[in-house]
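Visitor: Now for the letters of each chain:
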Amino acid sequence: MTNIRYLIYVPVLHTQKETGEILLSLKADEAPPPADTSLAEQEKSVKEMWDGIHEKIQNTNISCPTIRIYQDGMPVCGKEKEIAGKLAQKSSRNHQLILDLLKKGANLEGTEDPDLLIEEYDNLSHLISKASVSIQSYRDSLNEYKEKGAKLMKQRDAFIAERIKSTLKEGETPLLFMGVRHELEKLLQSSFVINYIIYRLPFKKVRDIYNV
Amino acid sequence: MAMNKTKILVIDDEIDLCELFKKILGLEGYAVLTAQNGYDGIKINEKSDPDIIILDLKMPKISGIETLRRIRKKDSGVIVIIITGYGDAETIRDAAELNVYEYMAKPFNNETVIKIIKEAVASKGKDD
Amino acid sequence: MQQIRLFKENQRLIDELQLSSHKLEKTINELKKAQEQLVQAGKMYALGQLSAGAAHEINNPLAGIIGFTEAILSDLKNQRTIPDEIAHDMEIVLKNAERCKSIIGNLLTFARARELQRQESDINSLIDDALALVEYKTRFQNIEVVKRYGENLDKVNIDGDQMTHVFINIITNAQNAMPDGGELLVRTWSENNFALIEFKDTGIGIEKESLLKVFDPFFTTRQPSQGVGLGLSISYSIMRRHEGSIEAKSDGKNKGASFIVKIPHLTAGRPV
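Residue numbers (our numbering), protein chains in the order written: chain A, 1 to 212; chain B, 1 to 128; chain C, 1 to 272.
In isolation and in its complexed conformation, chain A is listed as follows:
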């Protein structure tokens, strides 16, 4: 059998604050998203999720220098480490873990098409602006957002899959941190044996925007 390539896939949830900040990292001049009253609860659950993920990654005993990290929302821009650093400072456990792995020799790769991310940001902003009008108005716009989002997600996933295949070096293992709505595995499972790392995904705590 020819070379078998493994891939580590970590499905993740982001707090609403994290999602906002990840997308905002592309738009330096925008104001931060409004604070959510249940933020503390969200953050606690997501922190636990990341602690569990961290432990499981350590248990894989994969040598860090052979890991190439691909991150949901990380644009291809040449400033990936900087962005990770900034988001880690803003308490993103996701990016704190990335920095940790980078310190141990892992590599971080720009993952997403910046234009597609900006389009996602615009769609999300539009949806959130409806929420400031009324919950009903938000709910009405949700279907439109979902449709646009699904189409955009396909484009994002196609870009990410190609990005992984073209940037991964010989002997390296890709480590993916991807929000749960991505459908990347469909594009990768014929090239890689996918191993999932799942500890817990606190859906209700994080209040997935689809379930308002």
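Calculated from the structure, these hints are not laboratory results.
Hints are not guaranteed to be accurate.
No more than 25 Å apart at the CA atoms, straight line, and that leaves these computed lysine-lysine pairs for PhoX-like [claimed, not checked]:
#1 C:LYS77 with B:LYS23
#2 B:LYS61 with C:LYS213
#3 B:LYS124 with A:LYS47
#4 B:LYS22 with C:LYS95
#5 C:LYS253 with B:LYS61
Assemble chains B and C onto chain A, guided by the hints.
Guide: Only chains B and C this time, still in chain A's reference frame:
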């Protein structure tokens, strides 16, 4: 004084794990019912109206996701916690669409499960 | 003049033919490559499925081990020391540890797929050896073994150990299908340069939807504690490597099942 115990239904084809949940959740004061497949789970859910369902995904006869789909058709309110030895991106997406409270991997720490159950019970109180 | 024209025409036709032949060769090579890629992609996907299946199988008994060990420790810590209960919990831990051991053992067998060590063998003797190895279980479960061996069967060129492994898998499957007893008929005969062996039981049978999946890795209709579902897929793999085959038949629930193994005969020292 009759206490209204929180009812938890465990749907898992692993008998030992059903017994484990009965033990650790029983000690916390919860009433635990078990089913070894999706069909029985659906019946017990309709009959006993549990507050929380702990659901495995890979089971004989019908899958956990299909079981959940059928439960959700008639019961959008019950809190569902998926605990599976076989998690992947597709079942996570399916679970998200079906409004699960939490999605966990086996093996797990008893303490973590108990904590999540307690939080789920508390949240149910808030929503009611 | 006509001859020159004819010659030129022939030359042109030959050139065209050569061109078509090159194009065809190129197309064939591209098709081959595409097919290889598909096969490889299929393998990757299958490997992914196998690896996922393996993870699942290990995770369940692991959950049992970790869960009950934690429960025991918690009981001891909280001075809830009920000896019978603790002994019971420890037995569950041990049982699940054995399951893990068996899963890993099976996986290694599957993964290793060692080189066949072929030698001339007599099918009937091999079957007898396999039956002898699991005889205690057959006797214990009230299963009557009926043998109808073909006489003077040609020899086959096979890896005796691996073929015995196949027979044991099938016989064990039949035993598990007849928990309250029954009959296992073993028949051997020759047909079209193949040695055929049929193992027919009177057990719980295989439902139509399951018949298609019966050789898939980790497919099992049994309770998790009774086995992991690798035996038949390992057997399938061994039969393929022998250029033979294995087939399952059943008329449905409680109507028994039949497994037919085909092995190419030895002819002039080489398998046909």
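Visitor: Honestly, which of those hints from before does the structure not fit?
Guide: Violated hints: none; all satisfied.
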